[in-house]
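Colleague: Going down the list, the sequences are from chains A and B.
1 is the number of the first residue of the first sequence in this note's numbering; add one for each residue after it.
1 is the number of the first residue of the second sequence in this note's numbering; add one for each residue after it.
Derived from the structure by calculation, the hints contain no laboratory data.
A virtual CB, placed ideally from N, CA and C, is assigned to each residue, including glycine.
Incorrect hints may appear among the rest.
Unchecked claim - So, partial list: chain B residues that the calculated Cβ filter (under 7 Å) puts toward chain A:
1. D26
2. V30
3. A67
4. A68
5. S120
6. G145
7. D238
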Amino acid sequence: MVEFLTIAAEQEKFSLVSIDPSTIVFTLINTLIIVALYFFFLHKPVCKILDERAKTVNAEMDEAEEAKKQAAATKAEYEARLSDSKAEAERIVADATKRARAREEEIISAANNEATALKERAEESIKKEKQRAVTEIRKDISDMVIMAASKVAQKEIDKSTNEDIINSVLDGIEKEN
Amino acid sequence: MTELLKPMAEFNVEGPLKSIVWNLGDFEIVISETIIVQWIVMVILGVVFFILGRNLKVRTTSKRQMAAEWIVCFFRNMVRDTMGVKYNKYTAYIGGLFCFSVLSSLMGLFGLRSPTSDLSVIAAWGLATFVLTQRNKFKTGGVKGFFKGFIEPVPFMLPFNIIGEFANPLSQTLRHFANILAGSVIGGLVYFALGQVANGLASIGIPAILSLYFDLFSAFVQAYIFCTLTMAYVSMADCSE
C-alpha cells in the first residue's frame, strides 16, 4: 500500500500560503484530542470541585444561620432566666425584710409587755409588802401599847375589848398621816 | 550603480517542511512540520492539564489549583458572557482551542515553526467553526429555519447571506493566519537584517521587543479573537429566538 516513505530527506516544502488536506485532517484530529484532554483533565475535575465548594459553602452558610438563630434563642432564654432570678432575688429580699421587720416588732412588743408585767408585779409586791409592813407595825404597836397600858394599869386589861379601842385610835392616826 | 542595487543576501520565507510523505497512488498523505510541532504542543498541554487538574481539594490554598480554577472559570465565563448559559457545553471546545492556538503560536519562541502560521491549521479551525455554525442553525431552526435564515430580512439578501456564511469563517481564518505569519516574517526579517549589520550591538534590544509583541502578545490576542469570533458566529446562528 505504502509505495514509498520520505522522511525529510528531500527538504520538500509547502509554499507559504497553501492548504493541504492531510494537515487539515490531522489538525482537526489533534484539536479534538486537545479538547478532550482539556475537558477530562482540567474542565471536569475543576467544575466538580467548584460545584462541591458551592455546596459546602451553602451548607456552611445554612449551618451558620442555624447556629446564629440558636444562639439568639439561647440568649433570650438566659436573659429571661436572669430577669426571673433577679425578680426572685428581689422577692426573697423583700420577704426577708418584711419578716425581719415583723419579728422586730414582735420582739419589741414582747419586751414591752414583759416590762409592763414586771413593773406591775413589782408594784404589786411593793404594795403587798407595804401592806404587810403596815399590818405588822400596827400589830406591833397595838401589842406594845397594850403591854405598856397593862404595865401602866398594872393589871390585866381585857385584850379583845381594848384592842378595838386601840385599833380605832390607830386608824385615826393613820388617817391623819 | 548596478552593483549597489544587487541584493547582498536573500531572505526567503517558505512554507512548512513536508517531514513524512506517504504516496498512495495519486493521493498523498503528508505529515508536515506543522503536525509534528502540534504533537509536541499536545504532549505539553496534556501534561499541563493533567498536572493542573490533579488532586483538587474543596478547601485549598495551593497555587496550582488556583491557576487551574482561574483557567476553567476564565473560559466558562467567556463562553457564558458571549454565548449565554445555553451554550455551556462549548466551554471545553473554546478552552481547548484557545490553549492549542496560544501554545502553537508560542512555539515560535523556541525556534520551532508555529503551527498557527500554517494556513491549513487555521483553515481546519475555520472549517470547524463553519460546521458548528451550520449545525447550530439546523439544530435551533430545523430545516425551515435553516433555509429561512438565508432570505432574511428580505429575499433579495439571499446571495449576500450565502456569501456571508462562507466569508465569516474565511475572514476569521485569514486574520489569525496572517497575523501570526506576518509576525514571524517580520521577526525573521529583523533577525536577518541584524545579521547583515552584524555587529551584535543592536541585536540585543530590538528583537526582544518585537518578539514580545509578535510572539507573546499576538499569540494571546489572535487566539482570543479567533475564539470570540467562533463563539459569536455560533451563537448568532441561533434561529430559536
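Colleague: Against each hint, give a clear statement of whether it holds in the structure.
Modeller: Outcome of the hint check:
1. The restraint placing D26 (chain B) at the interface with chain A is violated, with a minimum CB-CB distance near 11 Å, outside the 7 Å limit.
2. For V30 (chain B), the suggested interface contact is upheld, since its CB lies about 5 Å from the closest CB of chain A, less than 7 Å.
3. With a cut of 7 Å, the hint placing A67 (chain B) at the interface with chain A is violated, because the nearest CB-to-CB distance is about 10 Å.
4. Evaluation of the A68 (chain B) hint against chain A yields a held restraint, the C-beta minimum of about 5 Å falling below 7 Å.
5. Below 7 Å, beta-carbon pairs count as interface contacts, and S120 (chain B) has one with chain A at about 4 Å; its hint therefore holds.
6. For the restraint placing G145 (chain B) at the interface with chain A, the shortest Cβ-Cβ distance is roughly 27 Å, beyond the 7 Å limit, so the hint is violated.
7. Using the Cβ-Cβ criterion of 7 Å, the hint placing D238 (chain B) at the interface with chain A is not satisfied: the shortest such distance is roughly 21 Å.
Of the numbered hints given earlier, the model fails hints 1, 3, 6 and 7; all others are met.
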